[in-house]
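Visitor: Sequence:
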Amino acid sequence: MTTAIIADDEDLPRKELRRMLTKVWPELEILAECEHGAEALEAIHHEAPDIAFLDIRMPGMTGLDVAHAVKGRCHAVFTTAYDSHAIDAFAAGAVDYLLKPISEIRLQEAVARLKERIASKQPVTDVSQLMSELDKRLRSNTVERIRWISASVGDTIKMFPVEKILFFSSDEKYTRVVCADDEAHVRKPLKELMDGLDPDIFWQIHRGVVVRADAITRAHRDELGKYTVEIRGSQEKLKVSQAYAWRFKPM
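For what it's worth, the UniProt record's numbering labels the leading residue of the sequence shown as 1, then goes sequentially.
Hints listed in this document are in silico derivations from the structure and should not be mistaken for laboratory results. Be a bit skeptical, because a hint or two may be false.
Said to hold, decoys possible - Pairs of lysine to aspartate or glutamate, EDC-like flavour, derived with a Cα cap of 16 Å:
hint	residue 1	residue 2
1	K15	E33
2	K158	E144
3	K249	D222
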């Protein structure tokens with residue numbers, strides 16, 4: 001039986017894709033529905049699906065990041081709400097994509113190609129260059145980046161320039177913002193903050209932790225293969241989840 005996972009940070013598109021797949025490919029077994037890239041990466045590691053339907057843009061770890069991290073372990077089908085100017089990189093047909101809202105006819109075409117590839121035991125295509133090109137195009141779109149974080153502390157409003165922030169961490173209903181000489185809590189969820197952070201500068205290393213990449217001084221791996229990182233200007237050691245350990249593998 002052919003197996004798959006679905007990853008999309010929005011409930012309705014994720015459930016709608018599952019409903020449509022059940023209709024056009026009833027024999028397909030959906031092993032997991034994932035709300036973010038890290039969860040998708042873990043599902044691929046644990047479930048070893050034949051196919052991963054990946055939303056291109058998810059907070060933190062994108063569908064492109066997931067496909068890069070799994071290095072061809074399964075066939076990837078990207079879903080996206082971006083129009084054709086951003087997805088011309090798919091023209092070679094090395095992988096498939098589904099433009100949201102997904103039409104049943106378009107899904108049937110993608111399913112037919114997947115069935116053919118799996119039946120003929122075609123190797124999963126190395127699409128690193130393709131994904132790099134697509135990622136470059138998407139990042140070139142104008143995105144309003146966060147420049148300041150304001151936090152209320154009693155009667156005082158603290159202002160943190162984003163270039164001085166070392167890391168963010170989820171703290172129940174709040175997000176902890178940490179600099180070398182100060183910290184505070186803001187009410188905005190980490191997931192929302194990540195939409196305004198440059199992913200080349202701020203790396204997600206755990207579901208609840210985003211760190212400034214150039215503030216990482218070293219990463220330590222224990223006997224179980226789990227990583228922790230040290231941050232310049234902070235005494236804290238931050239845990240790295242398995243889903244993001246690939247960032248620290250030796251070159």
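Visitor: Each hint: holds or not?
Guide: Structure-based check of all given hints:
1. K15 - E33: holds (8 Å)
2. K158 - E144: It is violated: about 21 Å lies between the C-alpha atoms, which goes past 16 Å.
3. K249 - D222: Given that 16 Å is the threshold and the Cα spacing comes to 13 Å, the pair holds.
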